[in-house]
Amino acid sequence: MPVEVILPKIDEAMTEGKILEWLVKEGEEVEAGTILFTLETEKVTWEVESPAAGILSKHLAEAGDVIKVGEIVAYILHAGEEIPQAKEDKTSGDQERAQETTDDRKDAGTPVRVMLPSNKIKASPIAKKIARDHHIDLTSVTGTGPEGRIKKIDVMNYLERDKKTSETSQGEEKQRTEYIELSSMRKTIARRMTESFQSVPHFFLTVEIDTGELKYVKEKLARSIEDITSRRLTYTDLFIKIVSKSVESNPDINVQWTDNGIVRLNEINIGIAVNVDNGLVVPVLKETSKKSLAEITLDRFNLVERAREGKLLPNEMKGGSLTISNLGMYGIDHLCPIINPPESCILGIGQTVERPVSQNGEIVIRPITKFTLSIDHRVLDGAIGSRFLQSIRMLTENPLLLI
Amino acid sequence: MKLNNSTIKDIYLMMKSCRAFEERAIAELRKGMPGFIHSSVGAEAIPCGISPFLNKEDYILTTHRGHSDIIARGANFKKVMAELYAKETGYCRGVSGSMHIAALDLNILGATGIVGSGIPLASGVALGSKLKKTDQVTVCYLGDGSTCTGAFHEGLTFAAAFDLPVLFVLVNNQYEESTHWTYWGGRLKNLAERANGYGIEGISVDGNDAIAVAEVASKIIPKIRKGKGPVLLEGVTYRIYGHHMGDPGVGYRTKEEIESWKAPDKDPIKRLLNYLLKNNLITEEEDKEIDVKLNDELDDSVQFALESKEVEPEAAFANSVYCGRDAFNLSKI
Amino acid sequence: MREITYREAVREALREEMKRDESVFLLGEDIGVFGGSYKVTLNLIDEFGAERVLDTPLAEEGIVGTAIGASMVGMRPVAEIMYIDFSTLSYDMTINLAAKLRFMSGGKLKLPLVIRTQEGGGVSAGPQHSQCLEAIYGHIPGLIVVLPSTPYDAKGLLKSAIREDNPVVFIEHKGMYGMKGNVPEEEYTIPLAKGDIKREGTDVTVVALSRSVIFALEAAEKLQLENISVEIIDPMTIKPLDEDIIIESVKKTGRLVIVHEACKMYGFGAEIAATVADKALDYLDAPIKRVAALDVPIPFGMRLENFVLPNVEDIIKAVKQTML
Chain A
1 MPVEVILPKI DEAMTEGKIL EWLVKEGEEV EAGTILFTLE TEKVTWEVES PAAGILSKHL
61 AEAGDVIKVG EIVAYILHAG EEIPQAKEDK TSGDQERAQE TTDDRKDAGT PVRVMLPSNK
121 IKASPIAKKI ARDHHIDLTS VTGTGPEGRI KKIDVMNYLE RDKKTSETSQ GEEKQRTEYI
181 ELSSMRKTIA RRMTESFQSV PHFFLTVEID TGELKYVKEK LARSIEDITS RRLTYTDLFI
241 KIVSKSVESN PDINVQWTDN GIVRLNEINI GIAVNVDNGL VVPVLKETSK KSLAEITLDR
301 FNLVERAREG KLLPNEMKGG SLTISNLGMY GIDHLCPIIN PPESCILGIG QTVERPVSQN
361 GEIVIRPITK FTLSIDHRVL DGAIGSRFLQ SIRMLTENPL LLI
Chain B
404 MKLNNSTIKD IYLMMKSCRA FEERAIAELR KGMPGFIHSS VGAEAIPCGI SPFLNKEDYI
464 LTTHRGHSDI IARGANFKKV MAELYAKETG YCRGVSGSMH IAALDLNILG ATGIVGSGIP
524 LASGVALGSK LKKTDQVTVC YLGDGSTCTG AFHEGLTFAA AFDLPVLFVL VNNQYEESTH
584 WTYWGGRLKN LAERANGYGI EGISVDGNDA IAVAEVASKI IPKIRKGKGP VLLEGVTYRI
644 YGHHMGDPGV GYRTKEEIES WKAPDKDPIK RLLNYLLKNN LITEEEDKEI DVKLNDELDD
704 SVQFALESKE VEPEAAFANS VYCGRDAFNL SKI
Chain C
737 MREITYREAV REALREEMKR DESVFLLGED IGVFGGSYKV TLNLIDEFGA ERVLDTPLAE
797 EGIVGTAIGA SMVGMRPVAE IMYIDFSTLS YDMTINLAAK LRFMSGGKLK LPLVIRTQEG
857 GGVSAGPQHS QCLEAIYGHI PGLIVVLPST PYDAKGLLKS AIREDNPVVF IEHKGMYGMK
917 GNVPEEEYTI PLAKGDIKRE GTDVTVVALS RSVIFALEAA EKLQLENISV EIIDPMTIKP
977 LDEDIIIESV KKTGRLVIVH EACKMYGFGA EIAATVADKA LDYLDAPIKR VAALDVPIPF
1037 GMRLENFVLP NVEDIIKAVK QTML
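Chains as they are written, first to last, in the numbering used here: chain A, 1 to 403; chain B, 404 to 736; chain C, 737 to 1060.
Careful, some of the hints might be misleading.
[Claimed, not checked] Straight-line Cα separation of at most 30 Å, DSSO-like style, residue types lysine-lysine; simulated pairs:
hint: 1; chain 1: C; residue 1: K775; chain 2: A; residue 2: K129
hint: 2; chain 1: A; residue 1: K122; chain 2: C; residue 2: K988
hint: 3; chain 1: B; residue 1: K412; chain 2: B; residue 2: K735
hint: 4; chain 1: A; residue 1: K122; chain 2: C; residue 2: K987
hint: 5; chain 1: A; residue 1: K164; chain 2: C; residue 2: K987
hint: 6; chain 1: B; residue 1: K658; chain 2: A; residue 2: K18
hint: 7; chain 1: C; residue 1: K1053; chain 2: C; residue 2: K1000
hint: 8; chain 1: A; residue 1: K311; chain 2: A; residue 2: K290
hint: 9; chain 1: B; residue 1: K629; chain 2: B; residue 2: K665
hint: 10; chain 1: B; residue 1: K459; chain 2: C; residue 2: K1000
hint: 11; chain 1: B; residue 1: K658; chain 2: B; residue 2: K622
hint: 12; chain 1: C; residue 1: K934; chain 2: C; residue 2: K988
hint: 13; chain 1: B; residue 1: K434; chain 2: A; residue 2: K43
hint: 14; chain 1: C; residue 1: K930; chain 2: C; residue 2: K916
hint: 15; chain 1: B; residue 1: K419; chain 2: B; residue 2: K735
hint: 16; chain 1: C; residue 1: K844; chain 2: C; residue 2: K934
hint: 17; chain 1: B; residue 1: K735; chain 2: C; residue 2: K775
hint: 18; chain 1: B; residue 1: K669; chain 2: B; residue 2: K412
hint: 19; chain 1: C; residue 1: K987; chain 2: A; residue 2: K128
hint: 20; chain 1: B; residue 1: K681; chain 2: B; residue 2: K622
hint: 21; chain 1: C; residue 1: K846; chain 2: B; residue 2: K735
hint: 22; chain 1: B; residue 1: K536; chain 2: C; residue 2: K755
hint: 23; chain 1: C; residue 1: K987; chain 2: C; residue 2: K775
hint: 24; chain 1: B; residue 1: K658; chain 2: B; residue 2: K533
hint: 25; chain 1: A; residue 1: K122; chain 2: C; residue 2: K1053
hint: 26; chain 1: A; residue 1: K128; chain 2: C; residue 2: K755
[Claimed, not checked] Covered, in the sense of this in silico footprint (three residues per stretch, anywhere, with C-beta under 8 Å from a C-beta of chain C), are these stretches of chain B:
hint: 27; segment: 444-455
hint: 28; segment: 517-527
hint: 29; segment: 714-724
In short, the hints are calculated from the structure, not lab data. Where a beta carbon is used, it is the ideal one built from N, C-alpha and C, also for glycine.
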């Protein structure tokens, strides 16, 4: 039976040691007690003896190696024996951590502070607490303590005066309003939309599109899509297909503005704005120009479902060429949406209204839908925006061109 | 009490138990068992020569180098090993480790790692027995280094002042960590001479001659029990391994010196084996069987220790920091 | 009710407990025939004999070590360390053994010993005979630390300490031995680990220990004349500490002053201040003040001692500071 030669624990704090020198070669005969190698720990240099008589096996670690306590560094073999098969006990590879978007995973937000932060003002802890509870701005309180420190009595006096003099004191205000705690999603939306609105020069192009043909095509395709996917075909799916194709034929629209310059995207990915409880998320369908309508329908269904359950992965919310925001089901005629950064445009779709229009000199009633494209003017100009919108109109009014 | 052959053989078995345990504990330490071991290998004859002459009610106190002392007194392999492995089935629930094992059912009152500090304790224990008017004897194991401490002086002063029934057993293994006792004690012939400072009896004996130790113990313990007063009994022996198992034990002494104390004319176990063989009290085969049996018992004890659980933190501090009171401030924040 | 001195109160407690339980015995330097250097154990040897009132060699480590050993085998020793300044010699016994042996044995050993000592200055005893060192014991897990401030408290607390199954360090004050106070004839005990409201008030909480309680009471009387109402809390046991009584008081008053005769740095006051700042921050209307000795050796001579040790005036000043 091969006998293990381990790296011994020499003192209580030791977790590893360095092999300094092997004093016995592989294949040499040894007695129990023969010194096999010297070991260096933090505290001492130690001579490690052979636990048994036999032949020293191959060195499983070399001079200079740092080895953990208890690891096998060689075996003492008897004639004819071999080193036991090392059991591969590699730990499974590190799981890839999905890269987290910065904000979406933070803890639930703290209530909004509407008062001035009182930590620059000298006040006793109880004075600060009373001020917090009554939403008193401590900068309006006079302190009578040492060096102007605000004491409890000062805040109490302020409250008394305040109650008497002002009708709409903040205490009363507190009764009329109600403060809602911010969720992390709301905070994120607030931040991103503010950033977009403030730093991106938006301009807006609107076309009115006749969606009659599209409706007809949708009805015709509905059954077969449902058979394939078990999901209902929606206008959104068709719009995704149309917009993808339009991006294909207008590749200059598939760009983003970055600090280092304008970046053209290699894929066509379409984001769709989805309303969820108390907020908005934008799942992104990937490589939509390479997908069939059925695939798009299925994709869209799954993403929207996961979006509503809050289970989208970070990379499912990134990488869009542009976003589609459809408020038609809410009865909105026309919207000028805010661009979803870092995309360079966003398409807002209103409701379909049966309206009289002029066709070949005659008045007819047609279903008309307003499409508005918001564009980042740093990257795109009216011409390309217009061409893009015209492509969309062309395909919407002539859906068979999608084939 | 004359030494009869069965007593001598018992002493031999006990010494083998002590050594086998210690060697196995060291092997476990090398494999990763936590903490320190201050091994008593080489000094087994002293506790084994003394223990047969103690009553069950007698007390012992020992030190950080006390494994042989407690095994000679009957400590159970499993519970000691489990304590070394910090498991809740150990003698002290795994909270203390090698240096502080107490086993109240064996009247092993504990072991202290502050050198010398057990000595006044032993005087106190003996005082308690005296005040309760029992005839219990207290055995206090101590080392050569401890004779330098104030605690040694104060403990022996008290024992002498009040005629306390203590046997102070000075296990002179010659090295205080890395310092040979003659470095500071060179003016003395032996450390038993320190007894003169207190006017109590001091006896020096070859601590590796189990029979000699036993003969002294068999005579002196009954006298102490009858009220003779405290005695300082020095057993001159040798510490085979380093101060603790992280100390290679050389540098301050030579390998030749160490090897010489392992030789059959010095090592206590080999010496007694020779005596037993010569007097036909044992055969080589029997001796080997003892080894096998001890090995099995030790395997069991290691198995027991490995399979036992560690004590839960809340349970470790419940009713043990204070008696009958909760430990408080059990929150780090 | 009759009045007896603090010293007599301690002696009565010892006598009653020794009568009640045979395992209680005393040991210490000069406690037997001489009656103790502060005469606390006077005449007890006549009543109980030299075996139970044991005069020991001059060896603090030996005294405490012996007491510990005896307590391990069922006795209930009350060891006297003449001055807390000398207890430094027995720190290894108290800190590494008495406080830890039960835990180290896995909860098996019981150590019902009491170490009686006395602390404090104000008698020109000099730097090595005037210190207050309760904080050192307060820092060690496994000990119980008691400081009585009146004869009534001294007797009741000492009886409880002797009956307690854990090591108790019982710290008297050399300047209070002659102080008189009401002590009932009937037997009574005072529970350990519970504080006492020595005076009720509404404006400021003063937490005080040992003789500082007496000074605080004097200060409170004077402050009352200026319409400042002081509440005085005497924790009596500093370990385990009755936090609740202090926090309840601070919640009521909003102001905290801590007084102790020990030096300020790392003293008992720091512990109370931190605890209150943690658990009652929002109730505080002023910074927490500690009144304590200067961080210097206690000097010889009245004038210098007065300069160093906290007194009634200091407490009044501190209270007024919190009212600003």
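Here is what the structure says about each hint:
1. C:K775 <-> A:K129: violated (54 Å)
2. A:K122 <-> C:K988: Between A:K122 and C:K988 the Cα gap is close to 22 Å, so the pair holds against 30 Å.
3. B:K412 <-> B:K735: This hinted pair is violated, its Cα atoms lying about 55 Å apart.
4. A:K122 <-> C:K987: With Cα atoms ~21 Å apart, A:K122 and C:K987 stay inside 30 Å; holds.
5. A:K164 <-> C:K987: holds (28 Å)
6. B:K658 <-> A:K18: Holds: B:K658 and A:K18 sit about 24 Å apart, inside 30 Å.
7. C:K1053 <-> C:K1000: holds (16 Å)
8. A:K311 <-> A:K290: holds (25 Å)
9. B:K629 <-> B:K665: Violated: B:K629 and B:K665 sit about 38 Å apart, past 30 Å.
10. B:K459 <-> C:K1000: Distance ~52 Å between B:K459 and C:K1000 Cα, so the pair is violated.
11. B:K658 <-> B:K622: violated (37 Å)
12. C:K934 <-> C:K988: holds (16 Å)
13. B:K434 <-> A:K43: Judged against 30 Å, a Cα distance of about 18 Å means the pair holds.
14. C:K930 <-> C:K916: holds (23 Å)
15. B:K419 <-> B:K735: Given pair B:K419, B:K735 is violated - Cα atoms ~46 Å apart, limit 30 Å.
16. C:K844 <-> C:K934: Answer violated: C:K844 to C:K934 is near 38 Å, above 30 Å.
17. B:K735 <-> C:K775: Violated: B:K735 and C:K775 sit about 44 Å apart, past 30 Å.
18. B:K669 <-> B:K412: holds (19 Å)
19. C:K987 <-> A:K128: holds (15 Å)
20. B:K681 <-> B:K622: With Cα atoms ~26 Å apart, B:K681 and B:K622 stay inside 30 Å; holds.
21. C:K846 <-> B:K735: This hinted pair holds, its Cα atoms lying about 27 Å apart.
22. B:K536 <-> C:K755: Satisfied, since the Cα-Cα distance of roughly 18 Å is no more than 30 Å.
23. C:K987 <-> C:K775: At roughly 43 Å apart (the allowed maximum being 30 Å), C:K775 and C:K987 break the hint.
24. B:K658 <-> B:K533: The hint is violated at about 47 Å.
25. A:K122 <-> C:K1053: Given that 30 Å is the threshold and the Cα spacing comes to 22 Å, the pair holds.
26. A:K128 <-> C:K755: violated (58 Å)
27. 444-455: Our answer is that it is violated, as 0 residues pass the Cβ test (under 8 Å) against chain C, missing three.
28. 517-527: holds (count 8)
29. 714-724: Our answer is that it holds, as 5 residues pass the Cβ test (under 8 Å) against chain C, meeting three.
In this structure, the earlier hints numbered 1, 3, 9, 10, 11, 15, 16, 17, 23, 24, 26 and 27 are contradicted, and the remaining ones agree with it.
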